[in-house]
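Undergrad: The lines below spell out each chain.
There are 4 protein chains.
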Amino acid sequence: MAFRSPVPDYLDEIVESLADDTNGAVADYIPELAQADPDRFAVALTTVDGRTYSAGDDDVEFSIQSISKPFAYAAALTDLGLDRVLDKVGVEPSGEAFNELSLEGESHRPMNPMINAGAITTHHLVGGPDCDPDERVQRVVRVFSALAGRELRIDDAVCRSELETADRNLALAHMLRSHGILAGDAAQVVRGYTEQCSILVTVRDLAVMGATLAKGGVQPVTGDAVVEPWVARQVLGVMTACGMYNGAGEWLTAVGIPAKSGVAGGILGALPAQVGIGVFSPRLDRNGNSVRGLRTCRRLSADMGLHLMEAEALGAGALRSVHPGTLPDVGEVLVYELQGIIQFRGAETVLRELEGASESGQPVVFDLARVPGLNDVGRRMILEAMRRLLLADRRVFLVDPDGVLPDPDVGDGRRPEIVPSASSTDRSH
Amino acid sequence: MAFRSPVPDYLDEIVESLADDTNGAVADYIPELAQADPDRFAVALTTVDGRTYSAGDDDVEFSIQSISKPFAYAAALTDLGLDRVLDKVGVEPSGEAFNELSLEGESHRPMNPMINAGAITTHHLVGGPDCDPDERVQRVVRVFSALAGRELRIDDAVCRSELETADRNLALAHMLRSHGILAGDAAQVVRGYTEQCSILVTVRDLAVMGATLAKGGVQPVTGDAVVEPWVARQVLGVMTACGMYNGAGEWLTAVGIPAKSGVAGGILGALPAQVGIGVFSPRLDRNGNSVRGLRTCRRLSADMGLHLMEAEALGAGALRSVHPGTLPDVGEVLVYELQGIIQFRGAETVLRELEGASESGQPVVFDLARVPGLNDVGRRMILEAMRRLLLADRRVFLVDPDGVLPDPDVGDGRRPEIVPSASSTDRSH
Amino acid sequence: MAFRSPVPDYLDEIVESLADDTNGAVADYIPELAQADPDRFAVALTTVDGRTYSAGDDDVEFSIQSISKPFAYAAALTDLGLDRVLDKVGVEPSGEAFNELSLEGESHRPMNPMINAGAITTHHLVGGPDCDPDERVQRVVRVFSALAGRELRIDDAVCRSELETADRNLALAHMLRSHGILAGDAAQVVRGYTEQCSILVTVRDLAVMGATLAKGGVQPVTGDAVVEPWVARQVLGVMTACGMYNGAGEWLTAVGIPAKSGVAGGILGALPAQVGIGVFSPRLDRNGNSVRGLRTCRRLSADMGLHLMEAEALGAGALRSVHPGTLPDVGEVLVYELQGIIQFRGAETVLRELEGASESGQPVVFDLARVPGLNDVGRRMILEAMRRLLLADRRVFLVDPDGVLPDPDVGDGRRPEIVPSASSTDRSH
Amino acid sequence: MAFRSPVPDYLDEIVESLADDTNGAVADYIPELAQADPDRFAVALTTVDGRTYSAGDDDVEFSIQSISKPFAYAAALTDLGLDRVLDKVGVEPSGEAFNELSLEGESHRPMNPMINAGAITTHHLVGGPDCDPDERVQRVVRVFSALAGRELRIDDAVCRSELETADRNLALAHMLRSHGILAGDAAQVVRGYTEQCSILVTVRDLAVMGATLAKGGVQPVTGDAVVEPWVARQVLGVMTACGMYNGAGEWLTAVGIPAKSGVAGGILGALPAQVGIGVFSPRLDRNGNSVRGLRTCRRLSADMGLHLMEAEALGAGALRSVHPGTLPDVGEVLVYELQGIIQFRGAETVLRELEGASESGQPVVFDLARVPGLNDVGRRMILEAMRRLLLADRRVFLVDPDGVLPDPDVGDGRRPEIVPSASSTDRSH
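Protein sequence lines correspond, in order, to chains A, B, C and D.
Residue numbers are given in my numbering: position 320 of the first sequence equals residue 320, and the series is strictly consecutive.
Residue numbers are given in my numbering: position 56 of the second sequence equals residue 56, and the series is strictly consecutive.
Residue numbers are given in my numbering: position 101 of the third sequence equals residue 101, and the series is strictly consecutive.
Residue numbers are given in my numbering: position 405 of the fourth sequence equals residue 405, and the series is strictly consecutive.
Okay, chain A solo, but in the shape it has when bound (with noise of 0.2 Å):
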C-alpha cells in the first residue's frame, strides 16, 4: 500500500464535513451568477514550494469577481510604482460596503484598491495612463494567467451580465471622473473592469496565486517572479487591512490569514511564507462572502496553525552550538555551527555569541551546514560579522556546503576563507 498524505485526507474532511452547511444564498442581483449550482464547494491548498493539495469540486471554473482586486492592484503597482498608485487609491479600511463611494476627504482617492471605487480606479491604472482599454484587459488577463500558471480565460456571458446591472459601477466611475480620480470613459472603465471580473478561476488557480503572492511574488510552481517582493507585501498588506468586507479586525484576530472573498463564491487566502489558499462554496452570507468558504478559512487556520500572529514553538535557536575544532594547515579554531534560516533574529544569536567570546584570537569557523537559506537581512547580518572580525585581524572561514552565502564580499573585497568542514574536538554535543 502506497503511502498517502494526510493533507487531502484533511480537505476531503472539512470538504464532508461542511457540505451540510446550506446557509446563504447564492448571489442574485446578476442573472449568470444566480444560475450557480449552489451545492459545489471546493477546496485547495498551495505551499510555497509549490505543491497544490485540493478536494471537492476543484476543477469548476467560477468568475474570480472581487477577487480579481488584489491582483489587479499588483499588476498596477507593477506598472506604475508604489506612489503613482498611492496617488489614486489610499489603502485604508473603509468601514463601510463594498459598493460605496469611500472616498477620502480631501484626495477624494477611494479608500482602498478592494472596495469597487478603488478596484475600479486600480483597473485604469494597469498598464499606464497610455493604455488602451483592450490592451488593458489584455494585460490584467496575462498577469493573473502568469500568476496561476495556466491560460486564463474571461466568461462572456457572466461579463454582458454583469454590464446589464452596472449601474453602482457606472456611478462610482461617474464619481471618481468628476473628482479627477479617473480619466478614462466611464463606460469603457466599467467595461473593463467587469471582464477583469469575470475571468474564470478554479481554487486551485486561486491557491497558486494565493502562494505566489505568499512567496514573495514568485509563482511557486513555474519559479518566475511574476511580480516584485515588495508589490507582494503591499498587496498582502491591503489584504489584511482591507479584505474582508466588515470585520477586518475579527477577520485578523480569529483567522489571522489575509484574505479576499468574490461575489460568486470564491475566496482566496495567502499567508506570507507559508501557503496560498483558495476556496469556492457559491451560498454567501449576508456580508457577501461564501459561508462555506470562511468556515473552510477557520478550519484551515485553527488546524495548520496558520495565523499571521502565530508564534508557537519558535524559541529554537539559529546558533546551534560553538565548539572549538580543527582545520587542517590551521590548527585550533572556534565553529559557530547555525542551522535553519538565517533571519534578523538568527543572525543576531550568532553576533550575541561572537561579542560575548572571549578576545582569545583564535580563528572563526561559521559553519552553514545546517542552514537551508538567509534572506538579505541575514546575510548582511553575517557578513557584517566576519567584517568585524576580519578587521581584528581574526581569521575567518566558512563552511557552507549547499552555497547558502554565495559570493561573500564583507563589503571591502575581502572574504571568508572558504572550507569544505571542520572537525570538531568537542564531542559533547
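Do not rely on the hints blindly, as some may be mistaken.
[Stated by the list, open to error] Residues from chain D that face chain C, not an exhaustive set, calculated with beta carbons under 8 Å:
#1 D49
#2 R233
#3 G237
#4 T240
#5 G249
#6 G256
#7 L308
#8 L327
#9 Q339
#10 I341
#11 F344
#12 R352
#13 E355
#14 N375
#15 D376
#16 V377
These aren't lab readings, by the way, just hints derived from the structure by calculation.
Since the structure is predicted, the reported quantities are computational estimates derived from the model, not experimental observations.
Using N, Cα and C, we set each Cβ at its ideal position, and we do this for glycine too.
Chains B, C and D: place on chain A using the hints.
TA: Frame of chain A, contents of chains B, C and D only:
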C-alpha cells in the same frame, strides 16, 4: 579588540540620525507630561531569545499611557476568557480619534480595546467582576511587571495630574455605564485606569514586554509563560487592526509591525516570532504618535526586514535530502533528512516526498538532527506520517539527538524506533 | 412732484451698500457660468398682491440652476400627488453637501428634493412615468413659465456646457437606478435635469415665482392657481428644512425666509402670505451661495420684519366691538363688529365673546364690513357660531358689504339674514 | 340655552377619538416616570389673546422634561444675549438621537439647545457665569412661572429618580467640560438640569407658555413681556429646526407647528402670532415622542389651518378703498381707507396706490379706523409715506380713532393733522 555586535551600532546610528528631528510637540493637556524633556530619545529591541539591545536614553522612565492598553487587554483575556471579553469590547478599527466613543451599533460595545472607551472597559474587566478596585490595579501592575521582568511602579504625580483633567475619560465611563457596559463606579474605574496609564517603563521594558507577546506569551528572559499563546495572538491581532490611531492600512503596509503608541511619547512594537521593540521620544505628531518613534519603526522595518508580510528567502525546503542508508541490524533504509523548524509547510514537504516514493517496503528513517524544533502542526503531521507508514507495515526509525520530538507516540501507542544515526550510503550530497 | 414709494429707494440702497462686497468667486466648474460678469447684482421683491419692486441689474437673465428644484418639486407633486413623490424622495435635511448621495437607510430615497440626487429623481417624476423625456422638459418649462407669468426659455449654451462636466449627476443617476429609485435612462434623465437647470430667469421672475408659492400657489399677477395650496405649502416647508445647503438652523433663526440658492448666483425667497424675493449676484461663498444674495436676504429680513417667526404687533383683536344696535323691523340687536382677516385666532375671539354673553335671547348681527377676508377655518367657525345661535332660536343677521362670506349656509340649509348695516345705539366707541 | 363655543367641543372630540390609541409605551428608564398612568390624555390651546381651551386631564401635572429646553434657552438668551449663547450652543439640527454628543467640528459646541448636550450647556448659561447653582435653578423656575403665569414647582421624587440614572447626562457634562464648553462642576450642573426637567406643568401651562412665545414674548394673560421679541423668535426658530428629534422636515411639512416633546409625554406647540398648544399622553413612540400627542398636533394643524406655511385667503388687501371726500375747513380730499393689521405687505399696497395717483396736489387722508394695529415696519412705512407727501407740499390728515399710530412724527418733527373722520363723497363702495 573584542568583537562588537553591529546591532547596537545600528541602533546608535538610528538615534543619532533622527535626533535632529524636533518636529511635533510634547503633549500639553496633562501638566506633568508637559514637563517632559522633549529631547529624550531612546530605542530598544528584544529578540524572542531574550537579548535586549538599546540606544539613547534607555534608562529614562516614562509613563506607559496608552501602551498599557494591549497589556491590560492581555490581563483581561487571561482573567475572563475570550468570550466574556468580546461581550464587552470589540476588535474592529474605529476610524475615529482615540477619545471618541465609537460604540458599536446594537451592542454598545466599544469598538476595540485600543480606544479609551474600550481601554476603560478592559481595565475594569481585569480581575473579574468581584475584584476590588485596588486589587485590580495591583493585578495590572503585577501582570505588567511579569511581562517586563522587573517590578514596575506607578508615578503618583503623573496619575494625580491626569486625574485633574480626566473629564473625557469620566465622560466615557458614564456613557459606558449608561449602556450597561461598565458596572463599576465611574470615578473609581477612571482612577484605576489612570493608575494603569501612569505605570513607569523604559524602552527596554517595552521591548521585553513586546518580545513576550512576540514569543506567544513566554517572557524571553525569565522563561515564564506570562500569558497563554492564544492571548498573545489575540492581543497582537488587535494591535495590528487597531493599534495606530489613524492609518491602520498605511501602517500595516509601510511598516508591518503590530504596534501601540502612548501620549508620553512611547511606542511599542511586537513582531510575532521575532522581536519586541520599544521607542521613546516625547514630541508627538497631530495624531498623538511620537514623531521620532514612528520614524524609528519605519527604519527598523525597512532595514531589518521586520514586516508581517515579509516572505523573502523562505523558499528553502524542510527536507534536506532523501537518501539510501544503512542501519546496524536492519540493513538498507531510506533516510529522510529534515532541516529547520518544522511547521505545516515543512512537514508537508516530507509527506509529499513520502507519497511520491516507490512502494519499496524499505524501512524509513526520519533524521531530525538538523531540526531545532517543530510546532504543534508540524509534530502532528510527522507523527501521522509515521503512523501511516507503520500501518503499511513499514519499519520506522527516528534520529533525534536533540529530543525535538519527545514521546513520539503516533496515536495508537506505536512509536518509531529510536536510533542514534543512520549512515548514508549515498555520498553524493 | 409725484409721490415715490420708498420701497424702490430701499432696494436701491441695498444694492448700493452691498455693491462693494466683492467676496466670493464665480462658479468655475462649468465654463459657461465661469464667464458670468461677477459684478452683476440685482434684487426684486413681489408682494402677494402682485406688485414687483426691483433694483440693480433686474433685467439680466441667468440660469436658474438649483433654484429650479423647488419648482420642479411643485410640478412633480402636482402630477403625482404627495404619496407617490414621498415614495421616491424624502423631506429631511441631509447635513451634507448638495452633490452627495444622501440616500436614506432602508428606502434608499434621496434625503430631500433640494440635493442633486433628490432633484434628479424629482425631475424624472414630472409628468408621470409614461412621460417622454422631451415632453417632460417641456412640461417643466411650461410650469416655470406659468409661475413666472412669461415664457421662459432654456439657455442651450449653458446646458451643453454643463453636460460636458455632468459626471457627478451621472453618478447620482446611476446610483439611483441601482437602488430602483430612478427608472429612466441615466444619461437622458441627467440631460433633462440639466435643461431644467438651464432655464433663464431674471430676479423679477424669481420674485414673482416666489410670490406664487407665498400666495398658496396663486400667481399674484395673472391670478392663475398654478399649483394647489397644499403643493405650495409642501414646497415651502421643504425649502425651509432643506433649502440652504448648510446651516438650516442658522438660516431659519437669523433670516427666517424659506429660500433656495443656485450656482449661477441666484437666490429665491418666499415668505408665506407676504412676498417673493429674487436676488442675483454671481460671486459665491464656500457653500455655493451668492455672497451678496445672502446679505440681501438678511437685510430684507431684519429691515422689513420678513421672518417666519415674526409675531410683532399681532395682539390686536379680530373683534372690534360688541355693541347694542337697532335693525329696522327687528328692533334691538347685539352687533358683533369684526375686523381684519379672520383665521382661527380671529374667529375664536368672536366665539369666546358669544359664549360670555348673557342669555338675552336678543338677535345677533355679525358685521363683516371691516373684514377683508376669512380663511377656510375662519369661515367654518363663524358659520358654526351662527348655526349654534340659530339652534338656540336666536335670530342671526349678517352685514357683509364686500361679500367676504358668500353662500353662508350654516350646514343644515339655514342661513343668516342679510342686512345692509346695523345702526349702533351705543356711541361710546 | 347659552351659546357654547365649538372650540371646546372640537378639543373634546380629539381627545375622544384618539383615546383608543394605546400604541407606544411609557418611558421606563426613570422609575418615577414608569409609574405614570398611561391612559392620561389632555390637550390645551391658548390664543395670543390669552384665552385657553382644554380637554381631558387638563389639571394633571407632569414633569416638563425636555420641553424645558426651549424655555431655558429663552432664559439664557435673555441673561447673556445672542452672541454669548451662540458661542456655546449652535442652532443646527443634529440628525442624531437626543442623548448623543453631536458636537460641532471645530467649536465643539453642541449642535443645538434641544439635544441634551446643548440643553445641559444652556442650563448652565442661565443667570450668567457668576450665578450660584441653586440661584440658577431658582431663576429657571421663576422664568418658567412667569411664562406660565403661575408658580411652578419641582417634583423632588422625579428629580431624585432621574439623578439615579443620570449617567448619560453626566457623560455629556464631562465631555463638555473636556472641550471647555462647560465650566461648572459636572455633577452639580447635571443636578440643576435635572431639577429643571422635573418642573411640574399641566397642558394648560404648556399652552400658555407656548402662546407667550407665539406672541413675541408677551404673556397673553398677564400681559407681561417675559422675554424680548428677538428671544421668542430665536427660540421658535430653533424649535422649528431642531425640536422634534427625528424628522424635522417631515414635521415642518406635515404639521408646520414649532414644537418640542418631553419624555413624560408632554408636547409643546407654538405657532407665531396664533396659538400655544399643550398636549399630554405618556405613551411614547420609538423616537420618544408622545403617540397621541403627535396625532393631536397633526389634527390641530390639518383641521385648524395652523401651519407655518399656510397662506390661504390672505390675498385681501390692506387698502380698503381710495375715494374722494371732504373735510370741514379743508374741502376736497383723497381718502386712503386702510384695513387689517398693517405689516410690510399692507403698507406696501398703500404706498403703491399713492405712487400711482395723479399729481393732483389734493390733501390726503389716511383713515385707520379699520386698522387694529401696525407692526414696526408697517408703522415706519406709513410714516415715510406721510413724510414724502409733506415734502411734496401736500397736506396730510390722519383718522385714527383707536390710536393705533400714536405720536405720528414722520421723522423730521412734522406730523399729519389729526381729524375725527372724513366724509366720503363717493358712495360707490
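Undergrad: Decide, hint by hint, whether the structure agrees.
TA: Hint by hint, here is what the structure shows:
Against a cut-off of 8 Å between C-beta atoms, the interface hint on D49 of chain D holds, since the closest Cβ of chain C lies about 6 Å away. Given hint, R233 of chain D at the interface with chain C, holds; its Cβ is 4 Å from that chain's nearest Cβ, closer than 8 Å. Taking 8 Å as the C-beta contact cut-off toward chain C, the hint placing G237 of chain D at the interface holds, the least distance being around 4 Å. With a least beta-carbon distance of about 6 Å to chain C, the hint placing T240 of chain D at the interface is held under the 8 Å criterion.
At a threshold of 8 Å, the smallest CB-CB gap from G249 of chain D to chain C is about 4 Å, leaving the interface hint in force. Contact between G256 of chain D and chain C, as hinted, is supported at the beta carbon level, the nearest pair being about 6 Å apart and thus within 8 Å. Interface restraint check for L308 of chain D: the shortest CB-CB distance to chain C comes to about 6 Å, inside 8 Å, so the restraint holds. With 8 Å as the threshold, the beta carbon of L327 of chain D stays out of range of chain C, its nearest partner Cβ sitting at about 19 Å, so the hint is violated.
Taken as an interface hint, Q339 of chain D checks out: its beta carbon lies about 5 Å from the nearest beta carbon of chain C, inside 8 Å. Evaluation of the I341 of chain D hint against chain C yields a held restraint, the C-beta minimum of about 6 Å falling below 8 Å. Because the smallest distance between the Cβ of F344 of chain D and any Cβ of chain C comes to about 5 Å, under 8 Å, the interface hint for this residue holds. Of the supplied interface hints, the one on R352 of chain D holds, with its beta-carbon coming within about 5 Å of a beta-carbon of chain C, less than 8 Å.
With a least beta-carbon distance of about 5 Å to chain C, the hint placing E355 of chain D at the interface is held under the 8 Å criterion. A cut of 8 Å between beta carbons decides the hint on N375 of chain D: the least distance to chain C is about 4 Å, and the hint holds. Hint status for D376 of chain D relative to chain C: holds, with the closest Cβ pair at about 6 Å, below 8 Å. Checking V377 of chain D against chain C by beta carbon gives a least distance of about 4 Å; that is within 8 Å, so the hint holds.
Of the numbered hints given earlier, the model fails hint 8 alone.
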